[in-house]
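Same order as they appear, the protein sequences are chains A and B.
Using the working numbering, the final residue of the first sequence is 344, and nothing's skipped along the way.
Using the working numbering, the final residue of the second sequence is 344, and nothing's skipped along the way.
None of these hints come from the bench; they were simulated from the model.
These figures come from a predicted structure and were not determined experimentally.
There's no promise every hint is true.
[Said to hold, decoys possible] Listed next, the in silico DMTMM-like pairs over lysine to aspartate or glutamate satisfying Cα-Cα at most 20 Å (straight line):
1. A/K283 / B/D140
2. B/K283 / B/E240
3. A/K283 / B/E173
4. B/K335 / A/E296
5. A/K283 / B/D125
6. A/K175 / B/D165
7. B/K175 / A/D165
8. A/K283 / B/D133
9. A/K335 / A/D193
[Stated by the list, open to error] In silico negatives: residues of chain B with every beta carbon more than 12 Å from chain A:
10. D145
11. E146
12. H211
13. R215
14. P222
15. P233
16. E235
17. L242
18. P249
19. L259
20. L266
21. G267
22. D269
23. A299
For glycine and all other residues, C-beta sits at the position ideal for the given N, C-alpha and C.
There are 2 protein chains.
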Amino acid sequence: MTEPIRHSWTDIRDRIHARLLDRTYRPGDKLPRDEDIAQDLGCARSTVQRAMRDLADAGLVERKRKGGTTVRADPVTRATLDVPITRAEVEALGSVYGYHLLLRDLAVTPPAIAATLALRKPVEMLHVEALHLADQRPYILEDRWISLETSPEILGVDLAVESANEWLVRNKPYSRCDLRLYAIEANARTALQLDTPVGAALLVIERTTWINEAPITTVRSVTKPGYQMLTQI
Amino acid sequence: MTEPIRHSWTDIRDRIHARLLDRTYRPGDKLPRDEDIAQDLGCARSTVQRAMRDLADAGLVERKRKGGTTVRADPVTRATLDVPITRAEVEALGSVYGYHLLLRDLAVTPPAIAATLALRKPVEMLHVEALHLADQRPYILEDRWISLETSPEILGVDLAVESANEWLVRNKPYSRCDLRLYAIEANARTALQLDTPVGAALLVIERTTWINEAPITTVRSVTKPGYQMLTQI
Chain A
112 MTEPIRHSWT
122 DIRDRIHARL
132 LDRTYRPGDK
142 LPRDEDIAQD
152 LGCARSTVQR
162 AMRDLADAGL
172 VERKRKGGTT
182 VRADPVTRAT
192 LDVPITRAEV
202 EALGSVYGYH
212 LLLRDLAVTP
222 PAIAATLALR
232 KPVEMLHVEA
242 LHLADQRPYI
252 LEDRWISLET
262 SPEILGVDLA
272 VESANEWLVR
282 NKPYSRCDLR
292 LYAIEANART
302 ALQLDTPVGA
312 ALLVIERTTW
322 INEAPITTVR
332 SVTKPGYQML
342 TQI
Chain B
112 MTEPIRHSWT
122 DIRDRIHARL
132 LDRTYRPGDK
142 LPRDEDIAQD
152 LGCARSTVQR
162 AMRDLADAGL
172 VERKRKGGTT
182 VRADPVTRAT
192 LDVPITRAEV
202 EALGSVYGYH
212 LLLRDLAVTP
222 PAIAATLALR
232 KPVEMLHVEA
242 LHLADQRPYI
252 LEDRWISLET
262 SPEILGVDLA
272 VESANEWLVR
282 NKPYSRCDLR
292 LYAIEANART
302 ALQLDTPVGA
312 ALLVIERTTW
322 INEAPITTVR
332 SVTKPGYQML
342 TQI
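Using the sequences and the hints, build the whole thing.
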């Protein structure tokens with residue numbers, strides 16, 4: 112018996128992907144067993160398994176426990192979106208990052224915020240509004256509510272210097288995050304803060320995080336006009 | 112020597128994740144070696160590897176070949192977005208799907224489309240405009256260009272009956288997809304088609320696909336007012 116050549120799992124994935132692309136394996140088809148593909152391609156079964164996991168993650172095939180692998184008949188476009196710390200995002204663009212604290216206030220959560228956070232009743236939280244700048248121009252306007260139950264330390268943070276965005280990302284890991292993307296028209300206040308005409312269409316990135324079942328924060332990041340989220344699959 | 116208990120990799124991942132959440136392992140820390148974690152948790156090393164891959168995919172840790180695993184100091188919010196066939200999306204909402212072909216025309220690609228598709232020079236493509244409906248109300252307006260080089264068969268498809276969206280997803284697998292999300296204000300034409308006021312803020316989902324280096328299609332899906340993309344991490 113000859114030793115199998117060591118193929119990387121990405122090579123094997125690309126070879127199986129090529130067979131999906133050229134329709135050797137067609138939508139709805141059941142693929143050969145991992146063992147058989149491994150033998151065919153001259154690699155270890157575990158390498159085929161790793162490759163299949165990646166193709167399944169990409170939404171191209173479906174894996175069933177013991178039921179083998181099927182080519183998805185209606186593949187979805189499955190994209191990975193990264194939302195970095197805003198400072199890091201601005202600096203990655205080659206721009207100079209800036210930050211202004213606009214509001215820091217203890218307040219009772221309004222109904223929409225309580226609903227987003229899945230609160231049973233309104234509670235007092237820290238309400239923060241801040242403007243992130245790129246090259247001294249408005250970039251993202253963030254409107255955030257922070258739970259004092261899960262993040263009491265936030266009261267000791269000087270939010271005029273360090274953004275709640277950075278402090279929370281670094282200090283408050285979450286177990287669940289809801290992400291919501293939508294468009295809004297700039298109202299008078301938002302237009303003034305983002306230096307844009309009233310009624311301008313703006314992309315909103317809303318994130319809400321929990322640790323176990325307890326809310327940490329919800330933030331509505333209103334982006335400047337023309338902002339785009341990009342990803343490549 | 113006792114047999115290790117069989118733990119699922121998701122159990123092990125959750126246990127390692129819990130240590131990230133409770134800051135047993137802190138941002139910037141180097142984690143113990145996989146072998147040591149495996150011994151500690153009483154599972155196989157391959158199970159720890161599988162778990163670590165998942166935590167790395169989620170943006171929580173960084174793996175280096177031979178360099179071990181580090182807790183990311185600045186974790187990113189890494190979300191997976193699924194863009195299904197529009198019919199499937201509408202039906203998943205419990206609505207009745209409808210579809211109108213608005214335009215089907217051979218035309219030379221305008222500069223913006225040629226740029227998006229990374230064409231070296233303008234070429235003739237099939238230009239299609241169609242409206243997707245949910246319960247007889249406008250849902251998504253799609254403006255699409257289809258390459259006749261990679262999809263000549265599209266000329267034989269009755270696009271009044273079958274949407275280009277469905278036909279392409281089912282028949283034209285791609286090797287690369289660019290996804291772009293942004294907001295626009297409805298112009299007079301878009302407003303009329305989506306039955307919305309001129310100037311309404313609308314979320315746009317733009318997708319461009321290639322097979323190897325050859326363009327397949329680019330589509331600008333303008334969503335109805337209030338449309339949201341949601342995902343949970």
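Verification of the hints:
As the CA atoms of A/K283 and B/D140 are separated by approximately 16 Å, the hinted pair is consistent with the 20 Å bound. Taking the CA atoms of B/K283 and B/E240, the gap is near 19 Å; set against the 20 Å cutoff, the hint holds. Proposed proximity of A/K283 and B/E173 is supported: the alpha carbons are some 18 Å apart, at most 20 Å. Among the hinted pairs, B/K335 with A/E296 is consistent with the structure: their alpha-carbon atoms are about 14 Å apart, no more than 20 Å.
For the suggested pair A/K283 and B/D125, the alpha carbons sit about 17 Å apart, so the restraint of at most 20 Å is met. A hinted pair counts as satisfied when its Cα atoms are at most 20 Å apart, and A/K175 with B/D165 qualifies at roughly 19 Å. Simply put, B/K175 and A/D165 have alpha-carbon atoms about 19 Å apart, close enough for the 20 Å limit, and the pair holds. Under the criterion of a C-alpha separation no larger than 20 Å, the hint pairing A/K283 with B/D133 is consistent with the structure, at around 10 Å.
For the proposed pair A/K335 and A/D193, the alpha carbon gap of about 18 Å is at most 20 Å, so the pair holds. Under the 12 Å C-beta cut-off, the non-interface status given to B/D145 relative to chain A holds; the minimum distance is some 15 Å. Every CB of chain A is more than 12 Å from the CB of B/E146 (nearest about 18 Å), matching its label as outside the interface. Interface exclusion of B/H211 from chain A stands, the closest Cβ pair being 21 Å apart, more than 12 Å.
Once the 12 Å rule is applied to beta carbons, B/R215 is consistent with being away from chain A; the minimum gap is 23 Å. No beta-carbon of chain A is positioned within 12 Å of the beta-carbon of B/P222; the least distance is around 18 Å. Interface exclusion of B/P233 from chain A stands, the closest Cβ pair being 24 Å apart, more than 12 Å. Even its closest Cβ contact with chain A, about 25 Å, leaves B/E235 beyond 12 Å, as expected for a residue assigned away from the interface.
Chain A leaves B/L242 outside its interface by the beta-carbon criterion, the shortest separation being 19 Å against a cut-off of 12 Å. Here B/P249 stays apart from chain A, with its beta-carbon at least about 15 Å from theirs, past the 12 Å limit. No beta-carbon of chain A comes within 12 Å of the beta-carbon of B/L259; the shortest separation is about 19 Å. The beta carbon of B/L266 is kept farther than 12 Å from every beta carbon of chain A, the shortest such distance being approximately 20 Å.
Even its closest Cβ contact with chain A, about 18 Å, leaves B/G267 beyond 12 Å, as expected for a residue assigned away from the interface. Every Cβ of chain A is farther than 12 Å from the Cβ of B/D269; the closest lies at roughly 20 Å, confirming the non-interface assignment. At the 12 Å boundary, the C-beta of B/A299 stays outside the reach of chain A, the nearest C-beta of that chain being 15 Å off.
Checked against the numbered hints above, the structure breaks none of them.
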